[in-house]
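Input sequences plus hints: build the corresponding full structure.
If you're matching them up, the sequences are chains A and B in order. By the working numbering, the letter at position 18 of the first sequence is numbered 18, and the numbering carries on one by one without gaps. By the working numbering, the letter at position 134 of the second sequence is numbered 134, and the numbering carries on one by one without gaps.
Simulated from the structure, these hints should not be mistaken for lab results. Some hints could be false.
Derived PhoX-like pairs: lysine-lysine, alpha-carbon spacing no greater than 20 angstroms straight-line [said to hold, decoys possible]:
#1 140(B) x 171(B)
#2 171(B) x 177(A)
#3 177(B) x 140(A)
Where chain B lies over chain A, by a calculated footprint (3+ residues, C-beta under 8 angstroms) [said to hold, decoys possible]:
#4 143–156
#5 177–183
Partial pick of chain A residues on the chain B-facing surface, computed with a CB cut under 10 angstroms [claimed, not checked]:
#6 137
#7 138
#8 139
#9 166
#10 168
#11 169
#12 186
#13 187
#14 188
#15 189
#16 191
#17 192
#18 245
#19 250
#20 251
Predicted model only: the values in this text are computed from it and were never measured. We put the beta carbon where it would ideally sit given N, CA and C, even for glycine.
Spelled out from the first residue to the last, the chains are:
Number of protein chains: 2
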Amino acid sequence: MRRTRAVVVMADTCWPSCATNLKGVILDMCGVLYDSGEGDGVAIPGSVEAVRKLKASDLKLRFCTNETQAAREKFVAKLQRLGFDICVSEVFSPAPAAVAVLRQRGLRPHLLVYDALLPEFDGIDTSDPNCVVIGDAAEKFSYANLNEAFRVLIGLEKPTLFSLGKGKYYKETDGLKLDVGVYMKALEYACDVEAEVIGKPSATFFQSVLNDMALQPHEVMMIGDDLVNDVGGAQQVGMRGVQVRTGKYRPSDQRHPSVIADGTADNLAQAVDVILNRRGKP
Amino acid sequence: MRRTRAVVVMADTCWPSCATNLKGVILDMCGVLYDSGEGDGVAIPGSVEAVRKLKASDLKLRFCTNETQAAREKFVAKLQRLGFDICVSEVFSPAPAAVAVLRQRGLRPHLLVYDALLPEFDGIDTSDPNCVVIGDAAEKFSYANLNEAFRVLIGLEKPTLFSLGKGKYYKETDGLKLDVGVYMKALEYACDVEAEVIGKPSATFFQSVLNDMALQPHEVMMIGDDLVNDVGGAQQVGMRGVQVRTGKYRPSDQRHPSVIADGTADNLAQAVDVILNRRGKP
Chain A
1 MRRTRAVVVM ADTCWPSCAT NLKGVILDMC GVLYDSGEGD GVAIPGSVEA
51 VRKLKASDLK LRFCTNETQA AREKFVAKLQ RLGFDICVSE VFSPAPAAVA
101 VLRQRGLRPH LLVYDALLPE FDGIDTSDPN CVVIGDAAEK FSYANLNEAF
151 RVLIGLEKPT LFSLGKGKYY KETDGLKLDV GVYMKALEYA CDVEAEVIGK
201 PSATFFQSVL NDMALQPHEV MMIGDDLVND VGGAQQVGMR GVQVRTGKYR
251 PSDQRHPSVI ADGTADNLAQ AVDVILNRRG KP
Chain B
1 MRRTRAVVVM ADTCWPSCAT NLKGVILDMC GVLYDSGEGD GVAIPGSVEA
51 VRKLKASDLK LRFCTNETQA AREKFVAKLQ RLGFDICVSE VFSPAPAAVA
101 VLRQRGLRPH LLVYDALLPE FDGIDTSDPN CVVIGDAAEK FSYANLNEAF
151 RVLIGLEKPT LFSLGKGKYY KETDGLKLDV GVYMKALEYA CDVEAEVIGK
201 PSATFFQSVL NDMALQPHEV MMIGDDLVND VGGAQQVGMR GVQVRTGKYR
251 PSDQRHPSVI ADGTADNLAQ AVDVILNRRG KP
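Here it is, written out as structure tokens:
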């Protein structure tokens, strides 16, 4: 216990040093910018202004989300309604990455995803499926739907399962909700397969964002509420990872056996202030 | 491939030798006695007569099932309607074993099980739950119900999850269906816990059947359609395990990396004929 506490204190007081030579920031969205829930959800206090400050700085900014509840156009419009300065081309999400993989490998998916995400898969042949793609689907994760995906998989000579992210749960305004990773594990166990994860924390996914920013990993900081998928994923490709204590953050994250954030902050507003105050200082 | 094939042939032709000094037989039920499905399901051809032959012999006979779709009284009555000579006291199933554990440890469960199983938990306090018990629940495994179980677990200081069996899937007359183990894995992942499995393949569970028979493991043979839970579980406590090619049997079972059946048979009728023909022979 004493060791863990020491690490936390160090991270809290020392992390601004890793902001010194920063050239870019990647922000997670749900739990950092806003809490999802009924309707558009609610912006987390200070986060609209924090994004505005980042955009006014000379830091490059991208948004990296495992959001699969709607096609990008739709959820970017939602964030704009919440007051955020954001556009579709700045947002990286798993569905377009999955479409690229399916095209590349000539695969025809059985899709178990939110109806609102289906437009991302327009033009993809879903007849006679030879793989399964699951994303967060909430109420669509009925027994019948999961069983249908299972029957497709178990009927394939080489079951191929793609999971859009592998999150355990997320927070909506009415409480914690199970995320896609839980159903990925269910199908992995049922069919004795290992899913290919598309989205955070996959290194391929983070690298595609870095490529778009034209920056090196050590020049970029990821800020997220998910210790494993945001912080751990970013660290694995060489970025710094800061965790905010909003969204799905839980105090027990500070005792995680393998992932330690490079820094923590109460929320995005505080993290951005630390970064911008630190810039240019030796 | 050649090695595997050789093992299979040996098992098929040599297994009667392990029936020589047999004093008892334990039968799995679903997939061995009958295939479940609409209504009572259907008896597997020859299995009613096979049970009758075993009862007419001097072998002790018990039934050991992970059946949790209904209280024992109900599903034993179903089997009697299908023509089987069977009574409740001969049947070992996970729910009564779970009730014993809950009482012993003073636990109050949140139950996610078939409604028809609830009578087994009569008299158990389910208020202010401090653990979760899941059994096969089929359509009751809705997103809302699984999320509710998750919220109970994640809210506990020390999440305690009991799973009535850990089967991957079973076969009904309309096809394969996901079993409780899949949802156990889902909750394990969501809450970073390891479930305590009550039922097959738990050694405690098999041992309780042996105690009731007053026999030693090497004197008893388990016959089931599930290579891991029936055959592997029985072998782990020292019994012989024979797999029948009915129910959830799949040809790929013969290439399983760790479990090799002591013998195989087309169905229960054939297995019982082999056993009874072998009895008393040197």
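Classify the hint on residue 186(A) as holds or violated, based on whether any CB of chain B lies nearer than 10 angstroms to its CB.
holds, 4 angstroms
* **Cut-off 10 angstroms, beta-carbon criterion: hint that residue 168(A) touches chain B** => holds, 5 angstroms
**Prompt:** Close enough to count: is the Cβ of residue 251(A) nearer than 10 angstroms to one in chain B?
**Reply:** violated, 12 angstroms
Restraint status (C-alpha distance of residue 171(B) to residue 177(A) at most 20 angstroms) = Not satisfied, since the Cα-Cα distance of roughly 30 angstroms exceeds 20 angstroms.
Less than 10 angstroms between beta-carbons is the criterion; does residue 169(A) satisfy it with respect to chain B?
holds, 6 angstroms
Residue hint residue 192(A), partner chain B, criterion CB-CB below 10 angstroms:
Because about 8 angstroms separates residue 192(A) from the closest Cβ in chain B, which is inside the 10 angstroms limit, the hint holds.
Next pair to validate is residue 177(B) with residue 140(A); report whether the Cα-Cα distance is within 20 angstroms. Between residue 177(B) and residue 140(A) the Cα gap is close to 17 angstroms, so the pair holds against 20 angstroms.
Let me know if the C-beta of residue 250(A) comes in closer than 10 angstroms to any C-beta of chain B, holds or violated.
-> Holds: closest Cβ of chain B sits about 9 angstroms from residue 250(A), inside 10 angstroms.
- Establish whether the coverage given for the region 177–183 of chain A by chain B is satisfied; the threshold is a Cβ-Cβ distance below 8 angstroms, and no fewer than three residues must meet it. Coverage by chain B holds for the region 177–183 of chain A (5 residues, Cβ < 8 angstroms).
Original post:
Under the criterion of a CB-CB separation shorter than 10 angstroms, is residue 191(A) in contact with chain B as hinted?
Top reply: holds, 8 angstroms
Quickly compare the C-alpha distance for residue 140(B) and residue 171(B) to 20 angstroms and report which way the hint goes.
Measuring from Cα to Cα gives roughly 18 angstroms; hence the hint holds.
Report task. Let me know if the C-beta of residue 139(A) comes in closer than 10 angstroms to any C-beta of chain B, holds or violated. Result -> holds, 5 angstroms
The structure does not agree with the numbered hints 2, 18 and 20 stated previously, though it agrees with the rest.
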